[in-house]
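Colleague: Listed below, chain by chain, are the residues.
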Amino acid sequence: MPANVMVVNLIPRSLSGESNPDSEPNLAVNPANPQLMVASAFTPNPGRSGDAPIYVSTDGGNTWSLHAIVPSDQMTADITLRFGSSSNNLYAGIIRTPIVSNAPRLNILRTNNVLSGLPMDVLVDRTGQGVDQPYIQAATVPDGKGGSVDVVVCGDNDFNHQPQSATMDVSGNAGTARAPFKNSVVDVRPAAGGDAPSIRPAIHSDGTVYGAFLRRVSGTTNSNLRYDVVVVRDDKLAGSNPAFAALTDPTDGLVGTRVAQNRLIPFLNQPVFGQERIGSTLTIAVDPRSGQSGTVFLAWADRVGKTDYTIHLVKSVDRGKTWSKADLLTVTNATNPAVAINSSGVVGFVYQQLTGPFKPNHVSAANRWVTHFQTSKDGGTTWNDLVLATTPANVPPNNPPNVTLPYLGDYLHLMAIGNDFYGVFSANNTPDPANFPNGVVFQRNHSTATKTLFDVDGVTHVDVSIDPFFFKVSP
Amino acid sequence: MPNTSSPEDLADKARFVFRGKVEKLNAATLPEVRDTSKTAVVRVEETIQSPKALSHYTGHSITVQFANPAEVKVGDEAVFFTDAWLFGNEGIAVRSLGHHPPGPQTAALRPSEEDPITHLEDRDTRKHYDGADMVVSGRIVSVRLFGDPKAGPSTREHDPDWREAVVDIDQVHKGDRGKKEIVVRFPASQDRMWHKAPKLEVGQSGYFLLHGGFNTTGTEARAVPVGATPDFYTVLHPEDFELGDHPGQIQKLLSRIPGTGTR
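So the protein lines, in turn, are chains X and D.
The first sequence begins at 1 in the working numbering and counts up one residue at a time.
The second sequence begins at 1 in the working numbering and counts up one residue at a time.
No lab work stands behind these hints: they were computed from the structure.
Warning: the hint list may mix true and false statements.
[Unchecked claim] Simulated pairs of lysine-lysine, DSSO-like, Cα-Cα distance not exceeding 30 Å:
hint, chain 1, residue 1, chain 2, residue 2
1, D, K174, D, K199
2, X, K145, X, K182
3, X, K359, D, K199
4, X, K359, X, K472
5, D, K252, D, K127
6, D, K52, X, K451
7, X, K359, D, K196
8, X, K306, D, K150
9, D, K127, D, K196
[Said to hold, decoys possible] Take a look, some chain X residues computed to stay more than 10 Å from chain D by CB distance:
hint, residue
10, N33
11, Q133
12, Q164
13, G172
14, G253
15, G345
16, A365
Built from N, CA and C at the ideal position, the CB exists for glycine as well.
Next up, chain D with everything else stripped away, as it sits in the complex:
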């Protein structure tokens, strides 16, 4: 759907954003795409934001599936906002979330100093930061088991095996600035459902993106009502914790947000 959302809104939803030129309608670059009634072959002229797996296609033709293919014609140049659909031996196909003609708004999508992969990573980190209830820097002073010590052996392969870390706060970058100490729960399990979650250790210092409302007690209900202050937070996403002496995406972001103050 072109033009119903702004370029910035579309760029927030789409993973693979590129400037391209429509080469063929009702066509595909991949034999796996049998129904070409909604697809077109589009040449990627410039990649604006991209995950690594889609970052190799500048100068190549790819297949784009449109919700309404009547909105494009051969020769059209546009910025396409897309998500991954199909990875084959002969290339890739993506689904269009929308497109806009090149212009000042689309030109503003990509800071000139950043490569497309970094650009997407930074956008993701910013969204992740915006979704966090608190962002703090501090030191882990203890880690303990959380759960019923009398519970029998668990044979649930996706059991998170919760731990509870106590963090002495050095600085609050977002959220309740009155807090000096905070409880953070994390899954110690290495199961595929949890293996990317940070595994916190006593003595580690760093930056925490903290999320409230996750129920760690075994049901699907939220632990606390929306808007209430939780008595603990969770870190589940790999970017929810970053060691202070290994600057990464969190510290990079904080250095760019006025008022958040990095140490």
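Here chain X stands alone, though its shape is the one from the complex:
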């Protein structure tokens, strides 16, 4: 493994027998102590009861264990995680189970000690018509009185606001016992239907907060849905009134810059794309350096031809008012983009690309899911590519009667602390060194010689499945 790249399979040895589809990972590294980090996936409590688990590392990602501390029955239906910058508080946005109705139930959670064994505290509990895909960000900022406060911003698709369902749950003081949160609608335009599930915030310590969402503009079937890609901004830590109203579109004068308009984004909730579904793919990140909050990167996926799913990466250097006319990167047949900028201004960009001949609803041994991590030291003009994983896209099969979606996930995560990039992705877990060109460490029992997984007894074979993989790159 190159000295500056670390890839670790998160499944601990005591769970060597598991073959769960552990997709849709997320990651939070504690900026105050980067040795402490947590990760999540669609991993159920192996005890088949009790709280949902998260993965925890206390040694900088070298080893991981699974801790059942999330108050949700066995697993969550969505989960994202983030630490405050210096408070040591961990926050989570989850869709909580059990299912009690059609309507997904949002919880925003907090703990100040992930190792205590105690369940996380519930700060927000909202259902109504339902809430989906909470994506949480947090930052610790000065409170103006010599102390500090945790600002938490959670993007979520809130069906209580129809059809403009893109909202942000914001707390300007989430570390306190009361932890007041306010829910703000960020889509102000007339819409032709509900916004897409991905609503993403990004926080800069100077008070700038960006939000991105996909606003539906037309569509009569799931195959012909069209969206605008919209970015909003708030300059007071999302505490303005109204919130997220600092950007207006130069054409229609309404709140939110339309970075791209009328893009075809089919919502196909079947295993159509390398056994994965498609329909809502979005990421946004702001340059964390002092005085650089005007530089922001945005990526989404849409269909530019007849069957593809294509990622576009663009950039703004004027606080989201205008955006690069041409893509900084265009990646055909790819999903799960995530972007981050480190303390030197290096841009990191991770995504998962389906290679081999592509035919919708069909996958073969010629198809692979390739997880790339690209970096740019010149603001996105030139890129250096690392392949973190290249794994068979047809294994494990996602066929009836055992179809489960998402296959790899509707998202993954990338973040930067100091000069280092930290990320997580899910992939086929065959312990084949050729699948991980920059190296990999498995905790679970395995043989790289026979490319086989073994149960805790070290003898019984275990089926290949989808696992989460942590990575760290120090450019």
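Fit chain D to the supplied structure of chain X, relying on the hints for placement.
Modeller: Chain D in isolation, oriented as in the chain X frame:
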């Protein structure tokens, strides 16, 4: 908390039940357990009931977290009723829900012919059966879309995509024995929120554990008041349906419950 609940009540709540001996106080078998003020190292002498992931520890020492660690001392032998807390590279840690000294009551927890995994599965199935409003066997005669056909495209990834099956009842094993036909709703969605729910098909015959009161119309409110007879039932749990020609947990249970009568 020892002894505040009966062994049977505790066994109903706990996943991992074992007879063990306390080896060390304020200690742990895992480096991830930093605060050992409420933990002890306990050797598992006999596993009584267990999910598969916890079934490998007979003869091994594990970490147990107690609400009140003063209630145990080194050398104590007890039956511990626990839930999973932490899975690491060096073993596991569990949370204690309570413990009892070994005796006739704890000995009765495990039928001698069953392994610990099967024992827990059977207990779960029995609880699931007890929670069902109706249990029937029958044949699916139709499956249709349920919902507003004029509704626009849904971009909700957790949309259940409801279907409605009509079942001709052969036999009622629990519930209203006057029914001859019943409507069963199930989510066709393969989303992670619903993928384990049975996907019913026309022509299938089998056993149904049916639940009323679930709102399938899109809000958090219950569809019918508690105690009222629903006009449809749902199957959401993987054990809510079992094919007749693939005997599993439901048929095994029915064969053990007097008066439920399997065909």
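Colleague: Each hint: holds or not?
Modeller: These are the hints, each one checked on the structure:
no.: 1; hint: K174/D <-> K199/D; result: holds, 22 Å
no.: 2; hint: K145/X <-> K182/X; result: holds, 23 Å
no.: 3; hint: K359/X <-> K199/D; result: holds, 26 Å
no.: 4; hint: K359/X <-> K472/X; result: violated, 33 Å
no.: 5; hint: K252/D <-> K127/D; result: holds, 14 Å
no.: 6; hint: K52/D <-> K451/X; result: holds, 24 Å
no.: 7; hint: K359/X <-> K196/D; result: holds, 27 Å
no.: 8; hint: K306/X <-> K150/D; result: holds, 27 Å
no.: 9; hint: K127/D <-> K196/D; result: holds, 18 Å
no.: 10; hint: N33; result: holds, 13 Å
no.: 11; hint: Q133; result: violated, 7 Å
no.: 12; hint: Q164; result: holds, 13 Å
no.: 13; hint: G172; result: holds, 28 Å
no.: 14; hint: G253; result: holds, 27 Å
no.: 15; hint: G345; result: holds, 35 Å
no.: 16; hint: A365; result: holds, 23 Å
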